[in-house]
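Protein chains in written order, with the working numbering: chain A, 1 to 136; chain B, 1 to 67.
One should not assume that every hint holds.
To be verified - Simulated DEER-style distance windows between Cβ atoms: (1) B/Glu18 x A/Arg134: 18 to 26 angstroms; (2) B/Arg6 x A/Gly46: 54 to 62 angstroms; (3) A/Pro65 x B/His61: 28 to 36 angstroms; (4) A/Ile53 x B/Ser41: 45 to 53 angstroms.
Stated by the list, open to error - BS3-like, lysine-lysine: derived pairs with alpha carbons at most 30 angstroms apart: (5) B/Lys22 x A/Lys64; (6) B/Lys22 x A/Lys9; (7) A/Lys9 x A/Lys64; (8) A/Lys9 x B/Lys47; (9) B/Lys47 x A/Lys64.
Said to hold, decoys possible - A short list of chain A residues far from chain B (calculated; beta carbon distances all over 12 angstroms): (10) Ala32; (11) Val49; (12) Ile76.
Treat the hints as calculated values from the structure; they're not laboratory data.
No residue lacks a Cβ here, since even glycine has one placed at the ideal position from N, Cα and C.
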Amino acid sequence: MILAKKLTKRCYVISNVVLAAMLTNVVFLAPALKMGEAFTAGLATGMAVGWAIFAVSGYLALRKPGAFFDERFAAIQAVASRIAFWVLVLALSVLAALLRSETLAFEPEPADLAAALSNLGLATYLVAAFIASRTM
Amino acid sequence: MHNRVREIRSAAGLTQEELGAKAGVSRQTIISIERGRYDPSLSLAFKLAALLGATLEELFHPEEEGT
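Start from the sequences and build out the full structure, keeping to the hints where you can.
Shown next as structure tokens:
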């Protein structure tokens with residue numbers, strides 16, 4: 001939220017370095033983990049797109065302070081984060097019961113479950129941010 | 001929160017874009033404030049009042065009970 005309110009040049013550069021390091025790790029180290037080519041490619045593409053969005057929006061924000069990241073934007077992010085957090089907590093509590101159940105026999109792959117949860121969190125965040133931006 | 005931002009801004013001859021740029025916020029934020037959908041922080045409210053040459057009381061006033 002602080003980053004969204006005041007994106008400084010220093011924050012922008014450090015964030016880009018961190019994102020670059022993460023992407024480099026995925027590209028160079030992921031093959032050694034043998035996670036599957038399609039999954040590794042998907043992960044790297046997702047991270048590259050995320051980095052590109054941050055790089056472009058951050059650059060625009062630095063050129064025109066307040067035109068993109070301002071207090072309303074930070075408020076929208078706060079609302080979206082809150083909603084995504086509670087949806088994830090709810091999903092986890094339901095999952096905990098489902099995974100314990102012997103009658104339901106719900107036995108997903110741990111990797112699929114982790115991916116589904118992270119997708120749920122991201123999707124909830126995006127939908128909540130979109131709705132909040134229409135109402136705030 | 002009711003406000004007279006649109007009225008006072010128009011009288012001052014400023015566009016939403018210009019007011020936003022001067023206040024350091026986006027045009028969307030000015031639109032939301034004018035429509036009463038978003039209540040600005042105290043610091044932004046003071047900034048808008050100073051930019052529009054008005055007092056805070058002239059610019060913003062709370063909704064009364066039951067309205």
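Taking the hints in turn, this is what the structure says about them:
1. Range check, B/Glu18 to A/Arg134: about 25 angstroms between beta-carbon atoms, so the 18 to 26 angstroms window is met.
2. Evaluation of the 54 to 62 angstroms hint for B/Arg6 and A/Gly46 yields a failure: the beta carbon distance comes to about 42 angstroms.
3. Distance hint check for A/Pro65 and B/His61: the Cβ-Cβ separation is about 30 angstroms, which falls inside the suggested range of 28 to 36 angstroms.
4. Restraint check, A/Ile53 to B/Ser41: a C-beta distance of roughly 26 angstroms breaks the suggested window 45 to 53 angstroms.
5. With a C-alpha separation of about 11 angstroms, the suggested pair B/Lys22 and A/Lys64 falls inside the 30 angstroms cut-off, and the hint holds.
6. For the hint linking B/Lys22 to A/Lys9, the alpha-carbon distance of about 20 angstroms falls within 30 angstroms, and the restraint holds.
7. For the given pair, A/Lys9 sits about 12 angstroms from A/Lys64 by alpha-carbon distance, which is consistent with the 30 angstroms threshold.
8. Under the criterion of a C-alpha separation no larger than 30 angstroms, the hint pairing A/Lys9 with B/Lys47 is consistent with the structure, at around 24 angstroms.
9. Between B/Lys47 and A/Lys64 the alpha-carbon distance is near 18 angstroms, which keeps this suggested pair within the 30 angstroms criterion.
10. Every CB of chain B is more than 12 angstroms from the CB of A/Ala32 (nearest about 44 angstroms), matching its label as outside the interface.
11. A/Val49, annotated as away from the interface, keeps every beta carbon of chain B farther than 12 angstroms; the closest lies near 23 angstroms.
12. Under the 12 angstroms C-beta cut-off, the non-interface status given to A/Ile76 relative to chain B is violated; the minimum distance is some 9 angstroms.
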